[in-house]
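> Letter by letter, the chains look like this.
Protein chains: 2
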Amino acid sequence: MSHTKLFIPGPVEVSPKTTQALTRPMMGHRSKDFQALYGRIMPMLQQVFSTSQPVFLSTSSAWGVMEGSIRNLVTQKVLNCCCGAFSDKWYDVSLACGKQAEALKVEWGQPITAEMVDERLAAGGFDAVTLVHNETSTGVLNPLKEIAAVVKKHPGVSLIVDTVSSFSAVPTPFDELGVDVMLLGTQKALALPPGMALFAISDAALAKAATVKDRGYYFDFVEFRKNADNLMTPSTPVIPLIYALESKLEDILAEGLEPRYARHAALNDLVHGWVRRQGFEFLAPEGYRSKSLTCVKNNLGIDTAKLVSIMKKDHAMAIDGGYGKIKGTTFRLSNMGDETAETIGELIAALDDSIRKL
Amino acid sequence: MSHTKLFIPGPVEVSPKTTQALTRPMMGHRSKDFQALYGRIMPMLQQVFSTSQPVFLSTSSAWGVMEGSIRNLVTQKVLNCCCGAFSDKWYDVSLACGKQAEALKVEWGQPITAEMVDERLAAGGFDAVTLVHNETSTGVLNPLKEIAAVVKKHPGVSLIVDTVSSFSAVPTPFDELGVDVMLLGTQKALALPPGMALFAISDAALAKAATVKDRGYYFDFVEFRKNADNLMTPSTPVIPLIYALESKLEDILAEGLEPRYARHAALNDLVHGWVRRQGFEFLAPEGYRSKSLTCVKNNLGIDTAKLVSIMKKDHAMAIDGGYGKIKGTTFRLSNMGDETAETIGELIAALDDSIRKL
Chain A
1 MSHTKLFIPG PVEVSPKTTQ ALTRPMMGHR SKDFQALYGR IMPMLQQVFS TSQPVFLSTS
61 SAWGVMEGSI RNLVTQKVLN CCCGAFSDKW YDVSLACGKQ AEALKVEWGQ PITAEMVDER
121 LAAGGFDAVT LVHNETSTGV LNPLKEIAAV VKKHPGVSLI VDTVSSFSAV PTPFDELGVD
181 VMLLGTQKAL ALPPGMALFA ISDAALAKAA TVKDRGYYFD FVEFRKNADN LMTPSTPVIP
241 LIYALESKLE DILAEGLEPR YARHAALNDL VHGWVRRQGF EFLAPEGYRS KSLTCVKNNL
301 GIDTAKLVSI MKKDHAMAID GGYGKIKGTT FRLSNMGDET AETIGELIAA LDDSIRKL
Chain B
1 MSHTKLFIPG PVEVSPKTTQ ALTRPMMGHR SKDFQALYGR IMPMLQQVFS TSQPVFLSTS
61 SAWGVMEGSI RNLVTQKVLN CCCGAFSDKW YDVSLACGKQ AEALKVEWGQ PITAEMVDER
121 LAAGGFDAVT LVHNETSTGV LNPLKEIAAV VKKHPGVSLI VDTVSSFSAV PTPFDELGVD
181 VMLLGTQKAL ALPPGMALFA ISDAALAKAA TVKDRGYYFD FVEFRKNADN LMTPSTPVIP
241 LIYALESKLE DILAEGLEPR YARHAALNDL VHGWVRRQGF EFLAPEGYRS KSLTCVKNNL
301 GIDTAKLVSI MKKDHAMAID GGYGKIKGTT FRLSNMGDET AETIGELIAA LDDSIRKL
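So the sequence lines, in the order shown, correspond to chains A and B.
If you read the first sequence in my numbering, its first letter stands for residue 1, the second for the next number, and so on.
If you read the second sequence in my numbering, its first letter stands for residue 1, the second for the next number, and so on.
Just so you know, these hints were derived from the structure itself, not from any lab.
Every clue listed holds true.
No distinction is drawn between identical chains; accordingly, a pair holds when it is met within one copy or between any pair of copies.
Cross-link-like lysine-lysine pairs, in silico, BS3-like; alpha carbons within 25 Å at most:
{"#": "1", "residue 1": "Lys32", "residue 2": "Lys312"}
{"#": "2", "residue 1": "Lys89", "residue 2": "Lys32"}
{"#": "3", "residue 1": "Lys325", "residue 2": "Lys226"}
{"#": "4", "residue 1": "Lys32", "residue 2": "Lys357"}
{"#": "5", "residue 1": "Lys77", "residue 2": "Lys99"}
From a predicted model like this one, the values you see are computed outputs, not experimental measurements.
Make a model of the complete structure from these sequences and hints.
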C-alpha cells in the first residue's frame, strides 16, 4: 500500500511499465528521432481508432481539442447534446468561443437519443453537433452509431465526438462511424497519465476548417494535419507522454482490441453484480450504461463521503463520491485501463468491507 | 553514451532526479492531494517569478498561453515585436485569432529597442504588445526592463512577455518589471520535459480579460485565476510534469537564484570564449546576447549539418544547425538548465574535435 490506487473515473491507475516509459531521455521534437517515434505510433493509433486518417497528438487535456473543434468547425450554430457535467460544459465553452449554440438538454443520467438529435437538426441552421459518447459524470453511454447515422442525413453538419472515457474500452471505429472529429484524453481508458489529447478528423472537417476564420493556431486542424504529414506536431509535444503512449499501444495491440473490449465488459459486469447485490441502483437506464465506469445511484442513502474516506484510509483505494450536482446522490467506480478480474475483485471486497463499516 | 545529450536550445537535458519525479503515482486532480501539491509549488514559483501573484500551470506548450494572451487581452490592436522565428510567428498567431495586429520588424539577429516600441505605441490605437524576451532562434536578449518602462507610459496597453528561454537563467522579476503576462514553457531553462507552460498575469490583465468576449475556455485567464485561488487548474493538469516541477523548484531554490543567474552567465562566457577562439562571430550584437544559448554566426562557412552530425555520431551530443531561414548560416549551443563548467567543458572539447574532423 505505497499509494492510493485509483478507481476514480480518471486519472486511473498507471502501470509500472507505462510509468517507466516516461523516463526515456528527451529528444528534439524537430528531429528524425521524433519523426521515427511518431512514425511507430501512428499506425498503432490508426488501428485503435480504426481509421486511415492520421491521428493527431495535442499537448493539452481533452478540453483543448473540445474547444478547438468548436473554433475549427462552427460557422453557423452548434447543437450541444447535454446530458451531464462534461457535455453541459461544452455548451458553455461554445458560447465562450463566441459561437451560436443551442443546448439539447436531458436530465442527468438519461441518454441522448438519435431521434432527439434528428428533431433538432431538422429545424435547420446548424453546422455542427457535439456529443460526449460516454458521459463520465453520469455513467451514460450514448448511442453513438445511431446518432452518427442521423447526423449524416443532414448534409454540412459536422459531428464532434468526445470518446474520453470510452475509447479502447468499447469499439469506436472512426471511419465506419463516419464522424468528423473523435477526441480523447490520455488519462481515462488508455491508463496513461493526463496531459495529452488524441484526435482524428474527417476529410470534410479538414476542408471546412480551412475555410473558417479566427480558428487560431494552437488547436488549428490545418496545422495539425500539415505537421502530421511530416510526422511532427504544430507545437512542442509532451514527449514523456508520447513515450508512454507508444508503450501502451504495444500493450493494447498485444492484448487485441476485441479481447480488450470483452475484458472491459466483463469487469463492468462484475461491478454491476456488486451494485445489485448491495441493493443499489444505476443512474443510467438499462441499455445506456457505460462499460468503463459505473455511476451508482445512492438509493440506499449511504454516507458516500464516508465511504470514499474509508476506502482511502483502510484500503488505499480512491473511488469517487459523485460529480457536481449529483455528488452524494451518486458515487462512481471505474473499471478502465489495466484492471483485471483479480483487481476488480479486490475493489469489490474493499467496498463490501467499507460498506459494513459505515 | 546511452543517449544523445541535448545541447540544443530546448528541450534540454533532463536530470535523473527530475526524471525520477515523473514516476510518482497519479492522483485525482480534484483531490486534496493535488491541492497540497500545488500548494507546495505555488510559493516556490512565486519566488522564482518574484511575484505575489498566483502562478498558473497550463497543460500546453508555451504557444498555448501565447495564443491565449492574445485572446484574453487584445480588443483593439496588438503590436507584435518581431525579431526572429518565434516572435515573428506571434504576429501570424494574432492574425489567426482574428485580431488587429501590427508587426514591429527588425532583421533577425537584431534586438527590439525601447525607442522602437515607444515610437509605434505613440501612434495610438494599440492595447497590447508582445515581446519575446530571449529570442531562441537568434540568441538575442531584448532589453525587457527598458521596454517595460516604455510600455507603462502608454496607459491601457498590456505587455505580454515570453520568457521561454530566459526564465531562471537571467532575472525576470515579474512585479518589479510591471509586465502584464509573463509565460514560459518547461523544457528550456527549467530543464523539465516539454508539455507544460507557466504564467503569471497582473491584476490589470485579469480585470481586462474579464471584459473581453470570445476568449474561450481552455486559456481563459479568469478561469485560471478562479481555479488557482482554490489550488486547482481549469482542466486536467499534466501531473507527471507537476511532480517534476516540484522537484526542480527545490533544486533551483537550493542553488539560489543569484548563484543560478551567475552560473548561467559564467557558462555562457565559456561558450563565447570558444566562439571567439575558433574565429566565429555572434549573430546578436554585443550587449544583446542571450545568457542561456549562443547563436553562432557561421562567418567561417563551415558545413554546419556535418558539424551537427559528427557531434551526434562521435560525441553523442545534440547541437542545433540553425533555425528556419538562418539554418546553415548560424548554429546554436545551449547552456540552459543543469549544465556546469565541467559539462560545458565537455561540449567545447567535443566541438573542437568535431571542427577538426570537418
